[in-house]
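S.K.: Please take these sequences and the hints and turn them into a complete structure.
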Amino acid sequence: MSERIELCKTSDVDEGTAIKVETGDLALAVFNLNGAFYVIDDLCTHGPGSLSEGPICGDVVECDFHNGSFNIKTGEVVDPPCMIPVKTYVTKVENDSVFIEV
Amino acid sequence: MKQITLTGGNTSFTCEDDDTILRAALRAGLAFPYECNVGSCGNCRFELVEGEVEHERKDSPAYTERDKQRKRWLGCQANPHSDCTIKVTLRDHYKPLILPKKTQGKLTEILDHTHDIREFRFTLSEPVKFIPGQYALLSVPGVEGARAYSMGNITTDGKEWHFQIKKVPNGAATGALFDRIKVGETIGLDGPYGMAYLREDAPRDILCLAGGSGLSPMVSISRGWAASKKLKGRHLHFIYGGRAARDICGEPMLRELRGFGTELHYHPAISMPDPDAPDAWPGLTGFVHDIAGNMFGDKLRDMEIYFAGPPAMAEAVMRLVVEKKIPPSQVHYDQFY
Chain H
4 MSERIELCKT
14 SDVDEGTAIK
24 VETGDLALAV
34 FNLNGAFYVI
44 DDLCTHGPGS
54 LSEGPICGDV
64 VECDFHNGSF
74 NIKTGEVVDP
84 PCMIPVKTYV
94 TKVENDSVFI
104 EV
Chain Y
6 MKQITLTGGN
16 TSFTCEDDDT
26 ILRAALRAGL
36 AFPYECNVGS
46 CGNCRFELVE
56 GEVEHERKDS
66 PAYTERDKQR
76 KRWLGCQANP
86 HSDCTIKVTL
96 RDHYKPLILP
106 KKTQGKLTEI
116 LDHTHDIREF
126 RFTLSEPVKF
136 IPGQYALLSV
146 PGVEGARAYS
156 MGNITTDGKE
166 WHFQIKKVPN
176 GAATGALFDR
186 IKVGETIGLD
196 GPYGMAYLRE
206 DAPRDILCLA
216 GGSGLSPMVS
226 ISRGWAASKK
236 LKGRHLHFIY
246 GGRAARDICG
256 EPMLRELRGF
266 GTELHYHPAI
276 SMPDPDAPDA
286 WPGLTGFVHD
296 IAGNMFGDKL
306 RDMEIYFAGP
316 PAMAEAVMRL
326 VVEKKIPPSQ
336 VHYDQFY
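Order-wise, the sequence lines are chains H and Y. To convert a position in the first sequence, counted from 1, into the numbering used here, add 3. To convert a position in the second sequence, counted from 1, into the numbering used here, add 5.
Any given hint could be a false lead.
[As the list claims (entries may be wrong)] For lysine-lysine, the following DSSO-like pairs were computed, each having C-alpha atoms within a straight-line distance of at most 27 Å:
no.: 1; chain 1: Y; residue 1: Lys187; chain 2: Y; residue 2: Lys106
no.: 2; chain 1: Y; residue 1: Lys304; chain 2: Y; residue 2: Lys235
no.: 3; chain 1: Y; residue 1: Lys73; chain 2: Y; residue 2: Lys7
no.: 4; chain 1: H; residue 1: Lys23; chain 2: H; residue 2: Lys76
no.: 5; chain 1: Y; residue 1: Lys234; chain 2: Y; residue 2: Lys164
no.: 6; chain 1: Y; residue 1: Lys92; chain 2: Y; residue 2: Lys73
no.: 7; chain 1: Y; residue 1: Lys134; chain 2: Y; residue 2: Lys92
no.: 8; chain 1: Y; residue 1: Lys172; chain 2: Y; residue 2: Lys63
no.: 9; chain 1: H; residue 1: Lys76; chain 2: Y; residue 2: Lys329
no.: 10; chain 1: Y; residue 1: Lys111; chain 2: Y; residue 2: Lys234
no.: 11; chain 1: Y; residue 1: Lys304; chain 2: H; residue 2: Lys90
no.: 12; chain 1: H; residue 1: Lys23; chain 2: Y; residue 2: Lys106
no.: 13; chain 1: Y; residue 1: Lys100; chain 2: Y; residue 2: Lys164
no.: 14; chain 1: H; residue 1: Lys23; chain 2: Y; residue 2: Lys73
no.: 15; chain 1: Y; residue 1: Lys134; chain 2: H; residue 2: Lys90
no.: 16; chain 1: Y; residue 1: Lys111; chain 2: Y; residue 2: Lys92
no.: 17; chain 1: Y; residue 1: Lys330; chain 2: H; residue 2: Lys76
no.: 18; chain 1: Y; residue 1: Lys235; chain 2: Y; residue 2: Lys164
no.: 19; chain 1: Y; residue 1: Lys100; chain 2: H; residue 2: Lys90
no.: 20; chain 1: H; residue 1: Lys12; chain 2: H; residue 2: Lys90
no.: 21; chain 1: Y; residue 1: Lys92; chain 2: H; residue 2: Lys23
no.: 22; chain 1: Y; residue 1: Lys111; chain 2: Y; residue 2: Lys76
no.: 23; chain 1: Y; residue 1: Lys237; chain 2: Y; residue 2: Lys172
no.: 24; chain 1: H; residue 1: Lys23; chain 2: Y; residue 2: Lys7
no.: 25; chain 1: Y; residue 1: Lys237; chain 2: Y; residue 2: Lys164
no.: 26; chain 1: Y; residue 1: Lys330; chain 2: H; residue 2: Lys90
Don't read these hints as lab results, they were simulated from the structure.
M.R.: Here it is, written out as structure tokens:
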């Protein structure tokens, strides 16, 4: 059984930006890309960088600690020094709220 | 003495004038992110909101133009010149289990392990404990800036810190240690630091991968394993890599530990066998990450992995971690680069 967790309202995240949401043990980065929402772990897999604070270019977020980058939709590494993909979450929008299923 | 305050909370700590913001935060028990402690890795970046700081190491490799624009500094190098307010995200992973301290070490003994790896044993003026696998900063007289080296011994009272150090060609610090510093002399020590320490609670067999100067922390981890009641029954595999037979070492130290050959398995390997004398080295050949991959395959996912060595080796091991889908939480190393 998966559990649904409400993270924020869609209006909390401007288009082309991200916010950090902490819930339970999770620290997440919630992205709004052209009105579609994506959620990944906020912590970079390489160091202590916060991905919600990184610059976004298309589908890619750059960690502003070491300039490594990830595909926001798939979690795959785009640029080193990151090597380990970042975790992505199944994300749903209902009644103007962003949810993940874990 | 300066007061350092974190934004968005009530956290503050004091920093001595000759100390750095990162190290002072750790001495106060705060979980300030870092890895290398010598300005190379950039993990200790913070934003200076108010106050004045200066870097000890002016040519810190991790410090960039972008940092300058964003008023970011390296915690490990930043001396405060006034009280400061800084922005940094504390993360539990970095919380020091033993608070690092500055102390002095008197050199009591020097041992040779290979043609270029030597062990330097220090007795501390003020005992400080450490966990197997941790490192310290050494301030060698006549050498500018501190250097990070991992301890190779284990300790219950914190009186002795031993370092197995590989000589760097033309290196200022190892040059001074190998050629100038004599038994009886004293150097500055500061530690312990680092998160690549032995996890006694991890319910898995252990794999230690070491190359060159990575010997010291992996020997410490192995000694810690042997001394640990909690890890009784767990096997430990130690793969040590060198270029040639003359680089191989470690066996005499491991042989003294419990279960050598039955629970503790030592696998030395060389990467450049002599083409003129292929039979001169009867053991394994290849790089440590390839040997680990071939030896354990998917079983690597069920092991607690510790590694230390040159940057190319660290990168190759991280590729193996990704390729074999080893949970990153089971992999421990110091990000020195």
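S.K.: Does each hint hold? Answer for all of them.
M.R.: Hint-by-hint comparison with the structure:
Straight-line distance between C-alpha atoms of lysine 187 of chain Y and lysine 106 of chain Y comes to about 24 Å, which keeps the hinted pair within the 27 Å bound. For the hint pairing lysine 304 of chain Y with lysine 235 of chain Y, the CA-to-CA distance comes to about 22 Å; that is within 27 Å, so the pair holds. Proximity of lysine 73 of chain Y to lysine 7 of chain Y is assessed by CA-CA distance (about 22 Å); at most 27 Å being required, the pair is judged to hold. Simply put, lysine 23 of chain H and lysine 76 of chain H have alpha-carbon atoms about 16 Å apart, close enough for the 27 Å limit, and the pair holds.
Our distance criterion of 27 Å between C-alpha atoms is met by lysine 234 of chain Y and lysine 164 of chain Y, whose separation comes to about 22 Å. Between lysine 92 of chain Y and lysine 73 of chain Y, the direct Cα distance comes to roughly 15 Å. Compliance with the 27 Å bound is thereby established for this hinted pair. Of the pairs offered as hints, the one joining lysine 134 of chain Y and lysine 92 of chain Y is violated, with about 30 Å between alpha carbons and a cut-off of 27 Å exceeded. Distance check on the hinted pair: lysine 172 of chain Y and lysine 63 of chain Y sit about 25 Å apart at the alpha-carbon level, within 27 Å; holds.
Proposed proximity of lysine 76 of chain H and lysine 329 of chain Y is supported: the alpha carbons are some 23 Å apart, at most 27 Å. In summary, the hint linking lysine 111 of chain Y to lysine 234 of chain Y is not supported, as the alpha carbons are separated by about 32 Å, beyond the 27 Å threshold. A threshold of 27 Å between alpha carbons decides the hint, and for lysine 304 of chain Y with lysine 90 of chain H the separation of about 23 Å falls inside it, so the pair holds. A C-alpha spacing of about 35 Å is found between lysine 23 of chain H and lysine 106 of chain Y, which places the hinted pair above 27 Å, so the restraint is violated.
Annotation: proposed proximity of lysine 100 of chain Y to lysine 164 of chain Y holds, straight-line Cα distance about 23 Å (limit 27 Å). A threshold of 27 Å between alpha carbons decides the hint, and for lysine 23 of chain H with lysine 73 of chain Y the separation of about 25 Å falls inside it, so the pair holds. For the suggested pair lysine 134 of chain Y and lysine 90 of chain H, the alpha carbons sit about 37 Å apart, so the restraint of at most 27 Å is broken. The suggested pairing of lysine 111 of chain Y with lysine 92 of chain Y is violated, with an alpha-carbon distance near 38 Å, which exceeds 27 Å.
For the hint linking lysine 330 of chain Y to lysine 76 of chain H, the alpha-carbon distance of about 20 Å falls within 27 Å, and the restraint holds. Proposed proximity of lysine 235 of chain Y and lysine 164 of chain Y is supported: the alpha carbons are some 24 Å apart, at most 27 Å. With a CA separation close to 24 Å, the supplied pair lysine 100 of chain Y and lysine 90 of chain H stays within the 27 Å bound. Distance check on the hinted pair: lysine 12 of chain H and lysine 90 of chain H sit about 22 Å apart at the alpha-carbon level, within 27 Å; holds.
Note on lysine 92 of chain Y and lysine 23 of chain H: the hinted pairing holds, with a Cα-Cα distance of about 16 Å set against a maximum of 27 Å. Using a Cα cut-off of 27 Å, the hinted pair lysine 111 of chain Y and lysine 76 of chain Y is violated, with the two alpha carbons roughly 40 Å apart. With a C-alpha separation of about 35 Å, the suggested pair lysine 237 of chain Y and lysine 172 of chain Y falls outside the 27 Å cut-off, and the hint is violated. Proximity of lysine 23 of chain H to lysine 7 of chain Y is assessed by CA-CA distance (about 32 Å); at most 27 Å being required, the pair is judged violated.
A threshold of 27 Å between alpha carbons decides the hint, and for lysine 237 of chain Y with lysine 164 of chain Y the separation of about 26 Å falls inside it, so the pair holds. For the proposed pair lysine 330 of chain Y and lysine 90 of chain H, the alpha carbon gap of about 13 Å is at most 27 Å, so the pair holds.
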